[in-house]
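> Fit chain B to the given chain A structure using the hints.
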Amino acid sequence: MGLKIGVDVGGTFTDFLVAWEDREPEIFKVLSTSDDPSSAVINGLTEIARQQNPPLSINEFMASVETIVHGTTVTTNATLTRNGAKSGLITTAGVRDALEMRRGIREEQYNNRFTNVEPLVPRYLRVGVDGRLRRDGSEVEPLSLEQVEGAIELFTEEGVEAVSICFMNAFADADHEHRAAELVRAKLPNAYLTVSTDLLPSIRFYQRVSTTVLNSYIGPILNTYLEQLTARLNKNGFDGLLLIMQSNGGVMTPQTARKTAALTLLSGPAAGPGAGLVYAQAHERDDCIVVDMGGTSFEAALVTGSPVLVNEGVIDRHRIALPMLAIHTIGAGGGSIGWIDEGGLLRMGPQSAGANPGPVSYGQGGKLPACTDANLVLGYLNPDFFAGGTIALDIDAARAAIKKHIADPLGMDIENAAAGMYRVACNNMAQGVREVTIKRGFDPREFPMVVAGGAGPIHSCMICEELQIPLQIVPRESSILCAVGMLMGDLKHDFVRTFFARLGELDWSGLQQLVDDLVAEGTAMLLEENIPAGKQRFHLKLDCRYQKQYHEVSVEVSRAWIKTRDADSIHTAFHTEHNRLYGYSLEDQDVGVDLINVRLQAVGVTEKPDFQTQRFAGEDASSALKGEREMYIFSARDFRPVSVYDGHQMQHGNRVCGPALIEQVTTAILVSDSYDCVVDKYGSFVVYGKGREDLLGPEPSGDQS
Amino acid sequence: MSQIDPILLSVYARTFKSITDEMSLSVEQTARSPILCEAKDFVTGLYDAQGNMLEQTENLPILAFSLAPVCKYLVEYFGDDIHDGDVIFHNDVFSMGNQNNDVAVYKPIFHAGELVAWSAVKGHQADIGGNVAGGYNPRATEVWQEALRIPPVKVFDRGVLRKDVWRLIFANIRLEIVQHDMRAQIGACTVGERRLREVLEKYGLRSFEDHKLVLFDATRKMMESEIATIPEGSYSGEGYVYFDGHNEGTKFTIRVTVTVKDRHITFDYSETDAQTDGFVNGTYTSSASASILTFLQMVNPDIPHNEGMIGPIDMIIPEGTILNASYPKATTFGNHLCPPNADAIIRALAPVIPDRITAGWNNLLASLTTGLDAEKGENYVDIGFMGLKGGSGAMRGTDGYDHIGMIDASGGILDQDYEMFEQQTPHLLKKHEYLTDSAGAGQWRGGLGVETEFVIGSEDTQLVTFGDGDFEPAFGLFGGLEGTLNKISLTYPDGSEVVPNNKDLITGVPKGTVYRQHAGGGGGYGDPARRDRATLAAEVRNGVISAAAASACYGFDESGNAEDDS
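Those sequence lines, one after another, are chains A and B.
By my numbering, the letter at position 159 of the first sequence is numbered 159, and the numbering carries on one by one without gaps.
By my numbering, the letter at position 277 of the second sequence is numbered 1277, and the numbering carries on one by one without gaps.
Hints in this document: simulated from the structure, not taken from any laboratory.
Using N, Cα and C, we set each Cβ at its ideal position, and we do this for glycine too.
Hints may be right or wrong, so weigh each one.
What the hints assert, rightly or not - Capping the alpha-carbon separation at 25 Å, the derived lysine-lysine pairs in PhoX-like fashion look like this: (1) B:1202 x A:439; (2) A:681 x A:626; (3) B:1376 x A:548; (4) A:608 x A:626; (5) B:1072 x A:404; (6) A:535 x A:439; (7) B:1202 x B:1261; (8) B:1511 x B:1376; (9) B:1430 x B:1376; (10) A:548 x B:1511; (11) B:1202 x A:690; (12) B:1202 x B:1017; (13) A:681 x A:608; (14) A:548 x B:1221; (15) A:367 x A:86; (16) B:1221 x B:1072; (17) A:439 x B:1487; (18) B:1017 x B:1221; (19) A:29 x A:563; (20) B:1511 x B:1431; (21) B:1251 x B:1487; (22) B:1430 x B:1487; (23) A:235 x A:29; (24) B:1261 x A:403.
Unchecked claim - Computed beta-carbon distance windows for the label pairs: (25) B:1198 x A:124: 49 to 57 Å; (26) A:409 x B:1198: 53 to 61 Å; (27) B:1204 x A:409: 54 to 62 Å.
What the hints assert, rightly or not - With the Cβ distance kept under 8 Å, some of the chain A side facing chain B (calculated, not the full set): (28) 201; (29) 206; (30) 223; (31) 339; (32) 341; (33) 548; (34) 549.
If we strip away everything but chain A, and leave its shape as in the complex, we get:
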């Protein structure tokens, strides 16, 4: 087996994780190249090749690479910056404005300066055509192919690059859409085309039209990017498998990605939860909370056996109804700026100093105090060892900015103001964790928290104290968790079909047929990607609701239940899930349960790299002790000297008592006075509540060889 490389293109850095067969994985970072993100990929690979012993040319190095898994934000950025393709929409006459209306919502009700978001297809390129189906799919009016041709003529004149087709009630019968699509393919062979029922054959017109248009809008951009990237990789000697990260936490081949570009839209952080699970599994847990705090944003996700999936989300106020990992993002990061609102309350973010000008202490022109500045004043960051000493931090400037903007207005001293900034930031993040746990009916205290991102481990103890979470895991690769996750991703394809039925009076053979069809579709797709039958897995979910309820609950069901026509098991699973989510069920009442959608996820299991385990080196961490530093302790409301350790020197079994600081090049870990820390066999730092050694499991003492 050859090398596997995970490549995560971020806003500032492009991260690489190189997984070798016989030694510990290596981390590389290069600066991202926003004009053509594929250059940074090649730059990084060249650099990795050069650092080999003996140094290799990129072509020599690439010959040994078997798989590259790539996460890209090109589609996300194109949407956010409005640089997508010039797009046209063919839809049912009379409803062409649904896309722009967004069902008439104004997200900020009391703000009359809050304007609607610009539609991705302007009105004059949204063409309604005659042809209508009823709610059951029966035809009321035949499709007007003349009008479809009229739309195509307009698109040709206007130089439209991407076309979407979405008709009313097409989820019940896709024939009209397919006939319109045939015509578009014949007359506009070079245009990117998305047919709504190919992408999302389920009910709810606005969700479908919005998702379809998003797919077309970014399709050509992703195509161009993937062509550039593949060409460059091939030119540099790469002959292995390239896989692309998707929003659902799985990966797909470039061929699949080209057709379903929208699946990459929220893929940026999607690799994190899967990676978090790997570290939790080292502690015999198959569930965890994963948090990732970088420079500008904080992401939180829940993993229960597998990362939690939701059926839709939003990007830049556009709805996207494709399965994606439930990742909650808030504007909280090292760069988040502290400020006092009109009522005199201290707030943190969401404005961020970003990388440029950055926090005040970077000395690059930042004037407003950021989270990082507070951390520095509190002694949590080492002014001489930030980013391994490559950025010198100016503590006096940080103090002056906090005094001026926070401490003086609140009538506090600088240290307490900095402590306040830290605490408010942590509270914001704790609320973010609530979003993915409590709001979905899970108790956060029952999960270990895997902490990632450069700024994550400095804040995680307070977040965990706030939520009473007793166990944290900080992977050694925590600063590039997403790149790790990419190597852990399976091929995943989601399918959905609308199937209306009352559970008690179900057309079982119809349902069985539908499930069989979906499985066949998934099998074909996986075979195309060279996944043999033995590595294929299928997960079935039914979207159910109580009779006349409006929103559905997705319930995992066994395919065997369908075969044996086991309505009772489905009922029970639904009642249980409803109760968990919303605090009640109607199991004891005579209320029917309706089935709305059938969802299938086809999984192609890929080979994962094995991480090397370390030899047990004993509890004594004194060889890693660097010295002492004063840091602010919340329970004392004052500074106290604490031990500072060099994280790179700490080994399996080494134990540290909080309060303490553990410094590494890419991150620092703050162990508060409520926690202790031990290094596990993968080199991860396990931070546990004092006296809660029971959480660590049967930690070996010397038998790991």
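Same frame as chain A, but now just chain B:
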């Protein structure tokens, strides 16, 4: 007093908000009626032991500012008979309810055996008994013809369901889904109760109480400093209500005098016309809510919504006026007096704070259809949300918002999804698009209205209309022009056309009848001749402004030249 920690204060504020948001999500996901789970016609909130507002999630603002007054009333009403596990229902408009259909659930929250707070959810129910399904009875003259009155009543006593009371209530309501929707509201209150208890267990009652007071105080100061930016003085304005549902050609005036003095603002409606014969009457809290939500759009939108925000705002709404009807008048239309009330406030303040007010918003004209979906063998009730949402008024520097709907929701109420609409009613949607030339012209134009057309799919359908805006369009300001009028019409299968009154009840509408509705645009702001030409060219191309209107209203021809430039 325990030590006040300015940081903990921020933590409390943020936590309260996340609790009411979580309660809102719970209702949205579990309710049956599209009015609640699609249109989000409900509000969630937390209140202290005395009923003071801690925080709210205000999907529909017109409901928002009656929850605290009723909570205070409950505290007095039940006195020491409030227990852990109680659940109380309330809708009574003569004890500070909004509208009969808006039924509130209150749940007391206990900590260490002591009443410390309340969680509450108020939502618009699909039916509330009375003469007409769905609750809108334009022929009503008394409350009993409109609805079942629910003065404060415990449906759970110390955690035990009072089955007899529950059955009594729901025996008087047509639709079974209302029971389940009330269960969803109770569930959301429980969610709020659990979360607030966690907070109290963590920080203790003393800290909660002390910080709460400081929070109220900080918010009050914020509101006072906003009010202080308005020049002191008294300013008057009027808004108009057309037709009381009984007497053709009637018109009523809402007169407000807004007085700004000593960092307080007073809305005085003493000169407002007397109550009407029909259901076109407000209740005190629906009218006060209308004034507050209109004013909140003129100040910093980030002010927290708690008791401190309300402190510097005073109301004078005499009983017996159209905005505060006396017992036992019919009042179902009361929430919909918000648009003319807002008109009066905007007209009063426009000369004083011209940069912070909008031109007139499209008034509400709505319909509600009920009948039998023969294919499914089920009765349906549908409020036509997609048809009723017109445009908002423009303001200096910002065009009005297209298809936002009446000011009392301000974009919080959503359209039905088209395909879900066709699943839940037997109707076939033919058209739902922006209405060309509906926006009031101006340097900043009003928001666009919409046109809606569907074929009615049930025999013997009952149609209720309620609203206004078909006599007077949304007004323009400072040279901006007015928007377009509302209109509803029915074309029967035999070709005859019926135009209902704006408050009407039509029975026996046959299957195949075509329903058409225009929701008008908002008013424009500033001289249309000064509108940006590139924007106009795009609007003409997109067909939201016709070439003819661009020429007539804006002096714009398609070559891009202003015709009357010389």
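> All hints, please: hold or fail.
Right, here's what the structure says about each hint:
1. B:1202 x A:439: Cα-Cα ~19 Å, so holds.
2. A:681 x A:626: Holds: residue 681 (chain A) and residue 626 (chain A) sit about 23 Å apart, inside 25 Å.
3. B:1376 x A:548: holds (12 Å)
4. A:608 x A:626: violated (36 Å)
5. B:1072 x A:404: violated (42 Å)
6. A:535 x A:439: violated (35 Å)
7. B:1202 x B:1261: Roughly 42 Å separates the two Cα atoms, so the pair is violated.
8. B:1511 x B:1376: holds (15 Å)
9. B:1430 x B:1376: holds (21 Å)
10. A:548 x B:1511: holds (23 Å)
11. B:1202 x A:690: holds (19 Å)
12. B:1202 x B:1017: holds (17 Å)
13. A:681 x A:608: At roughly 18 Å apart (the allowed maximum being 25 Å), residue 608 (chain A) and residue 681 (chain A) satisfy the hint.
14. A:548 x B:1221: violated (46 Å)
15. A:367 x A:86: violated (40 Å)
16. B:1221 x B:1072: holds (23 Å)
17. A:439 x B:1487: violated (43 Å)
18. B:1017 x B:1221: holds (20 Å)
19. A:29 x A:563: violated (51 Å)
20. B:1511 x B:1431: holds (18 Å)
21. B:1251 x B:1487: This hinted pair holds, its Cα atoms lying about 18 Å apart.
22. B:1430 x B:1487: Distance of about 17 Å is within 25 Å: holds.
23. A:235 x A:29: holds (22 Å)
24. B:1261 x A:403: violated (36 Å)
25. B:1198 x A:124: 49 to 57 Å: holds (53 Å)
26. A:409 x B:1198: 53 to 61 Å: Roughly 31 Å apart at Cβ, these two residues miss the hinted range, so it is violated.
27. B:1204 x A:409: 54 to 62 Å: violated (28 Å)
28. 201: violated (12 Å)
29. 206: holds (5 Å)
30. 223: This interface hint is violated because 28 Å lies over the 8 Å limit.
31. 339: violated (11 Å)
32. 341: Constraint on residue 341 (chain A) satisfied, holds at 7 Å.
33. 548: holds (5 Å)
34. 549: Cβ of residue 549 (chain A) sits 5 Å from chain B, so the hint holds.
Comparing the model with each numbered hint stated earlier shows that hints 4, 5, 6, 7, 14, 15, 17, 19, 24, 26, 27, 28, 30 and 31 do not hold.
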